[in-house]
Amino acid sequence: MDVFGSFALLLAFLCAGYAFVGGIFAIRTRHPLLVKSARQAGIATCGLIFLATASLVYLFFSDSYWVSYVVAHSNRDLATFYKIAALWSGQEGSLLFWSFLLAIYVFSVLLVYRNKNGELMPYVGVVLAGVQIFFLTLNNFVASPFKVLASTGANGTLEIFTRADGNGLTPLLQYPEMVIHPPNLYSGYTGFTIPFAFALGALLARYPGEKWIHLTRKWTMIAWCFQTMGILLGAHWAYAVLGWGGYWGWDPVENASLLPWLTGTAFLHSVMMQEKRGMMKVWNVWLVFTTFMLCILGTLLTRSGVVSSVHAFAQSSIGNYFVGFLLLIFAVCFVAYLKNRDYLKSENQLDSMVSRESSFLFNNLILLVSCIAVLSGTLFPVFSEWFSGSRISVGAPFFNKVNVPIGLLLLFLTGVGPLLAWRKTSTDSLKRNFGWPLVIGLLAGVVFFALGLREFFSLVCLILCVFVTSTIGMEFFRGARVIRSRSGASFLASAVDLTMRNTRRYGGYIVHMGMVLIFVGLAGAAFNRDAQKDMQPGSTLQIGGYKLLLQGFDSKVEKNYTSERMIVEVWRDNKPLMMLYPERRFFQTNEQSGTMVAIYSTLREDLYVVYAGQNPETQAPVVHAYLNPLVKWIWLGGLVVVLGTLVTLLPNRRAVLVLSGAPERAAQPASAQTLAPSVALREGHD
Amino acid sequence: MTKRRLAAFFLVIALSASSSALLSSHLQAQQADNRAKQIGGKFMCMCSCNQVLTQCNHVGCTTSASMLKHLDEAVARGESETEITSGFVQEFGTKVYAEPPKSGLSLVAWSLPTIYLLLGTLLVVFVIWKWRRVMPRAATVSAVRGISAQDLERARRRVTQETED
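Chain order of the listed sequences is Y and G.
254 is the number of the first residue of the first sequence in my numbering; add one for each residue after it.
3 is the number of the first residue of the second sequence in my numbering; add one for each residue after it.
There is no bait here: all hints are sound.
Simulated pairs of lysine to any residue, SDA-like, Cα-Cα distance not exceeding 20 Å:
(1) 44(G) / 649(Y)
(2) 471(Y) / 899(Y)
(3) 529(Y) / 130(G)
(4) 529(Y) / 134(G)
(5) 471(Y) / 903(Y)
(6) 812(Y) / 332(Y)
(7) 400(Y) / 351(Y)
(8) 534(Y) / 128(G)
(9) 464(Y) / 366(Y)
(10) 786(Y) / 39(G)
(11) 786(Y) / 836(Y)
(12) 598(Y) / 128(G)
(13) 71(G) / 785(Y)
(14) 289(Y) / 271(Y)
(15) 104(G) / 629(Y)
(16) 39(G) / 782(Y)
It is worth saying that the hints were derived from the structure and are not from the lab.
This structure is a prediction, so every number in the text was calculated from the model and none was measured.
Produce the complete structure using the sequences and hints provided.
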């Protein structure tokens, strides 16, 4: 199967090469057969990548311990569930997985648009094939996952040998979320290739109008949604597995996933300026280019060892390939822009400073500043080493100080932007839209202050959350009230109807609401508390209103690990509340340990208990407990963001004109009205 | 005052004094703990986990344990934050900072986000100013009456496009 996989990858590389070169010839000659063959080569490339990936999965399931990658990342006792995750747990497999996800996107695009947009698609196909060639080069010649274990025999020939068992999967990855977090994140990274290919293709083809934006909107939304889910699942994994009580540590690899998300979010907003007003064409094209380049940069940071990170793959020279690819992409984009910049000329006109357009400009500014601040902070240790010879770390405190004010500005714009009118917002409209939300926000601030909330940024954040919620709520309320008055339906049904009539707008509001919930959760971080204590059975630890009583220990032997569990009884208000079982696992195969945190989660706070090991001096077991307020809101917010994104992807339900025969009216005189067929208004999906 | 009352009075004084001494030593220990936590939050753990020292929860991490012990001892000796910081930097190098110090080259890291924000804001304001057009005076009624059906349809299409979402 390893030979089959290698062969499939090699064939995929050749097919991608044909799709690229043939595509260029097809563009030049405009020969329909050549166009078709290039497209089919693209489809064949994807099919071959699917086969290669299936081969590697099969090698994992069949415990093929003569394949180096399988030996390094699996073992016989590894649960089936995690044998799938082993596919992307190392450098070689994750690069193949990248190619696989990219192939799904490319396959879908080539199939969906096979008979459409004939002028544009050959260009898009060439760009996609170009990106695939790069990754297939890595898969075939730099980091092949199908390398076998071989040694030189007595007669000097190479002999393949088989190991009895594998080294096993890293314990940190043996967690259910690790089976879904990387696919989501990678789907985000690879998904941004599609808008990139369409933007570059449209620029090269000088494709008229804003059609490429309409074509890619859904693809961009899908990629953005996956990226969002990937980031949040990663945060949840860090929270539930790493056992340090937090969910976001501003690690370089975490930052790398945030960068394209920030520019992608900026693009999703600014693209509306082009759709509505034909403005900012250059900006939008460069935002897409930048988003894709940041995806590649993120991969470079993760895989090259340029920055140190617990999440990074082993240090290797593969980073040089990514640097080369990044430079090549930039050069191609820059030359394409220089040669075709007149195609991007737009009528940039603004009627007023207080308008939707201005809010989008500021939204883009804030997102981009945040992106550049995170990027420069992430790379600062490298630069400091270049300039001064000593590496200066930039950790979480720096990023928090820089990004908290930026985040609050963004939250403010989330509330303000959507309610400003295109072109110009009148003073009356400002009063109508913002009067009540401002009053409600300020009142909430007074209440929070009276309740003893003194942490400045958290207070501002919560006030803004109330303000934004009010603006969104009022938008739904106003629209639903109109529908209700006409249809007589319930308020909830009217709100649903309103959403379905303009899914993009109201789905967007739902996404914003999800972001508000996430910000509520983030505001809680200022009030985190923790306590650590050496504990013996019978001893207690007090944290907030909770008392933790250590009842004892037990241990269990699982197939792949042994586990030691603390049995902790949680008391609140002098009443037993529940049992928690924080544990430490020892994985025999790779002789590594891991923690399993026990969390009692409510909307108010998380009680987070870690079995932190033994005190090196007393050998007593140590319990580290955290009380983290409002964390659950972050995960709920993530769900709402995903729900909102799905709503935006639905087609609008709109009023359609349905022609039907008019009933005869004998006494009515002939007129233009009766001669025309009557028109009935009916609701339906477009 | 009887002897018994006097004894009770001294007993209360003694109890109060001993309990306040106990309380104050407890408070001092708590203050020292808080101070160690606050200072420890400014250093990175050197076990390459890329986490802040006080947050490192690597299973079996001996580096953070010894660093925290070192920190606790320094705090107990009454060393100032500057002294503790310079001690850590001397031992581990500038990598130990959790955030860049606000001096020398590191000032660049601190000032860059503010510079980006200021320059960006100036740029956006400039762009808005440049793109703002002089609004024509409101059209007269007669001009509106003279609008062709074609122009009216085009205007309607544009209004729909601009206000749909």
